[in-house]
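**Student:** Chain residues, written in single-letter form:
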Amino acid sequence: MINAVGRNIPDELLVHGKEVYQGKNYMDGKQVRKASPVTVRHEKPQESKLCETIREACEKCGAHDGMTFSFHTEFRDGDYVAAMVCKVLVEEMGLKDLHVAATSLGTAQDIFADYMEQGIIVEAQTSGVRGRIGETISNGKLQNPVIIRSHGGRPRAVEAGEVHIDIAFLAAATSDCCGNAKGQGGKNNCGSMGFANHDAKYADHTVIITDTLVPFPNLPSSISCIDVDAVVVVDEIGDPKKIATKEARLTQDPRELMMAKNVANVIAATPYFKDGFSFQTGVGGPSLAVNRFLEEHMEKAGIKMSFALGGTSSAICALQDKGYVDYILDTQDFDEGAAKHLFSNPHHIEIDLSEYANAGNKGAYVNKLDYVVLSALEIDTKFNVNVITGSDGILRGAPGGHPDTAAGSKCCIIVTPLIRGRMATVCKDVVTVTTPGDCVDVLVTDYGIAVNPLRQDIIDCLDSAGIKHVSIESLQEKAYDLVGEPEALQFEDNVVAIVEARDGTILDVVRQIKPYSFD
Amino acid sequence: MTKEIHRPRPEKDRLRRTMMFMNAQKPALIRDAYIYGSDSIILDLEDAVAENQKDAARFSLYHALQEIDYGDTEVIVRINGLDTPHWQEDIRVCVAAGADGIRIAKCENAEMVRIVDQAVEKAEIEFGVEVGRTLLMAALESPLGIMNAYEIVTASPRMFGCAISGGDFRKSMHVQIEDGGIEMLAARGQMLLAARAAGVQCFDTMYPNVDDMEGFKKEVIQNHKMGFDGKSLINPRQIEFVHETFAPTEKEIAYAEKLVLSCQAQADAGIGVYTVDGKMVDIPFFEDAKRIIKLAKACGVYHGEL
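Chain order of the listed sequences is A and B.
With this note's numbering, letter number 233 in the first sequence gets 233, and the count goes up by one each step, no holes.
With this note's numbering, letter number 63 in the second sequence gets 63, and the count goes up by one each step, no holes.
It is possible that part of the hints are untrue.
[Said to hold, decoys possible] No farther apart than 25 Å at their CA atoms in a straight line, the calculated lysine-lysine pairs in the PhoX-like style are these:
| no. | chain 1 | residue 1 | chain 2 | residue 2 |
| --- | --- | --- | --- | --- |
| 1 | A | 300 | B | 12 |
| 2 | A | 468 | B | 297 |
| 3 | B | 258 | A | 478 |
| 4 | B | 290 | B | 12 |
| 5 | A | 261 | B | 217 |
| 6 | A | 261 | B | 218 |
| 7 | A | 340 | A | 322 |
| 8 | B | 54 | A | 300 |
| 9 | B | 279 | B | 225 |
| 10 | A | 300 | B | 251 |
| 11 | A | 24 | A | 34 |
Please keep in mind that the hints were generated in silico from the structure rather than gathered at the bench.
Put together the whole structure using the sequences plus the hints.
**Tutor:** Here's what the structure looks like:
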């Protein structure tokens with residue numbers, strides 16, 4: 001069945017009430033009954049929930065064949081815990097038919113690729129796929145298609161009961177013996193635990209894994225002891241070098257600076273740019289640099305931000321310290337400075353992914369967002385964005401909060417160079433739609449700015465501010481002039497991944513890539 | 001061999017606030033040199049290119065000019081000096097590829113301009129390019145070049161202007177770059193006089209320290225106050241400040257507009273000298289006001305009805 005972004009969704013996927021994507025806000029106002037986890041009563045006085053080993057904790061929580069386990073990726077590429085746990089489940093306990101519910105899958109979980117190829121991990125749902133796992137999945141090695149959900153789509157699916165987590169294994173920088181846990185104060189700190197705390201509330205069992213046991217009570221905490229079954233202390237939960245990077249230096253690349261400046265100019269030309277506006281941006285070169293140019297506009301206009309949302313960098317913390325930002329609502333910290341800042345500023349607050357971006361609750365923070373600045377691997381002339389598949393059709397990206405913030409915000413700006421190497425970023429049709437074009441408002445490239453024709457109001461704003469813009473088709477033509485039109489990728493028929501829209505409908509599918517041949 | 005030239009016919013008297021140098025040898029650099037919005041780009045075959053890479057740079061330049069749509073950005077090529085074995089071939093490539101103009105390096109006298117002019121004309125005939133299409137500008141890099149500025153800029157009808165080149169000039173004067181620019185004050189002034197006397201444009205040297213934005217800004221402001229038309233640049237980050245500085249202010253535009261409108265009215269009434277806002281004005285004021293309006297239009301900051 002063809003959906004609202006023109007993608008053909010196989011009928012066999014449209015079962016159990018699954019629908020194809022129908023357009024923005026299709027599910028608005030719908031009532032949902034939340035799924036609740038099973039808990040266990042602890043009436044007797046209790047000394048501690050400490051377990052000697054991960055295996056002991058798994059056994060205590062009833063780990064079994066066919067179960068779904070989850071983990072979070074606040075420790076990013078430096079995470080040891082997911083791989084450590086999975087090894088125990090598979091190699092020590094001999095479990096099989098495992099289902100994985102991850103916030104992302106990357107190089108830190110490379111070992112999962114082996115278990116996928118061996119048929120031990122049979123299903124996965126995630127908000128991002130990178131490294132070997134992406135290649136394994138794209139080559140059709142997993143029994144069932146992976147479900148790609150956005151940061152808001154994941155808690156939606158959990159709350160709707162579409163994903164039921166048997167055991168959540170949650171790495172924490174510190175924990176006390178009863179499971180009050182957080183991302184700070186230990187040997188390896190990640191700052192915000194926004195990816196983790198929702199799982200603790202919805203999983204049947206929660207195991208905290210830390211390398212720094214602290215005296216009870218470890219408060220204030222991100223995860224409450226009332227949701228925790230077991231605590232395991234290991235030597236190291238991660239590699240600090242790969243957890244948080246040093247503060248990203250502001251780019252000196254004139255191309256990135258020019259794009260960032262143009263993004264800030266677009267923002268300043270629209271009516272939402274007034275005292276109390278809200279804003280989110282990423283950490284890529286041009287995105288990060290937007291902070292600097294936005295500061296100049298805020299200074300000139302004499303206004304400040306009510307809140308900055310999402311993944312947090314030192315750049316936005318510095319803006320808060322200068323008085324330009326009232327609140328930072330933080331789901332993850334990109335650098336050490338931001339992680340420290342979270343715990344030293346009362347207006348810098350950790351929020352979970354449901355609060356951040358879930359379209360299935362009574363109003364996530366993205367719904368109050370004025371501007372979001374996002375990047376793209378590809379964007380097509382319908383303004384559809386791809387952030388999941390590379391130019392070779394292999395899974396190697398992460399929607400994260402991209403579709404959620406694009407949909408929720410009043411003005412979604414994509415910033416990307418027109419070409420990367422020999423690839424056109426602006427193209428006729430993206431390989432995979434991860435953010436639908438009806439949620440994307442403005443495209444800023446190094447060769448010019450284009451506004452989605454759905455947003456005549458923004459077109460008028462740019463015209464009256466004297467900001468030049470062109471059609472997205474002319475940018476696509478320019479890109480093809482420079483690097484040529486790419487040949488269509490060759491796929492097999494079988495679906496290796498389902499890209500779910502944030503409302504739970506199916507936005508696109510990724511099929512198995514055909515091995516390249518010269519025929 | 002005749003190749004079609006895609007670029008519009010170059011204009012001598014166009015806006016040239018910023019002329020950005022790019023190494024012609026690097027295809028990735030010159031492919032999209034125009035996206036930063038400088039008025040002109042100068043593709044360099046001279047100092048930026050190593051002696052054994054001159055040929056490669058010419059190929060890269062030729063293909064760039066043939067294949068890339070630079071839009072309304074002017075494309076100038078800095079050729080190698082007349083004391084090198086490269087300049088004739090440089091000129092043939094510029095003309096065949098359809099460069100808008102040629103910057104003559106180390107120009108010291110009118111004879112050098114005439115030699116280049118003749119070589120350009122020969123190439124235009126060779127490649128079937130309209131004779132006279134290719135413009136020239138002179139880089140004055142020595143005290144002799146400055147002393148001969150007037151004869152240089154009047155030596156060919158192709159000449160649209162001259163620029164001082166600070167690096168070489170300072171060396172020959174035994175001076176260093178100074179805060180405030182006193183070391184080149186006389187040379188800048190003399191070159192400006194010559195250019196204005198000849199009715200051509202005049203450009204200042206590039207500012208070498210890319211990271212010193214404060215020093216750069218001071219120099220740009222001084223350039224503007226001295227009467228330069230524009231400046232050579234070496235980094236896209238420098239473009240915006242020059243454009244801001246060289247654009248007429250709102251106040252200047254408003255006054256110029258008032259002058260032009262009142263002058264038309266006064267002329268109709270047969271009055272020569274009169275006052276605007278309490279200041280005496282006459283015909284030269286009117287001419288300058290028209291120039292400001294024209295500049296404001298070219299800079300994209302004029303939204304009035306003139």
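**Student:** Now tell me, hint by hint, if it's right for this structure.
**Tutor:** These are the hints, each one checked on the structure:
1. A:300 to B:12: With Cα atoms ~39 Å apart, residue 300 of chain A and residue 12 of chain B exceed 25 Å; violated.
2. A:468 to B:297: holds (16 Å)
3. B:258 to A:478: This hinted pair is violated, its Cα atoms lying about 43 Å apart.
4. B:290 to B:12: holds (18 Å)
5. A:261 to B:217: holds (19 Å)
6. A:261 to B:218: holds (23 Å)
7. A:340 to A:322: Judged against 25 Å, a Cα distance of about 17 Å means the pair holds.
8. B:54 to A:300: violated (48 Å)
9. B:279 to B:225: holds (21 Å)
10. A:300 to B:251: OK: residue 300 of chain A and residue 251 of chain B at ~20 Å, within 25 Å.
11. A:24 to A:34: holds (22 Å)
Checked against the numbered hints listed earlier, the structure breaks hints 1, 3 and 8; every other hint is satisfied.
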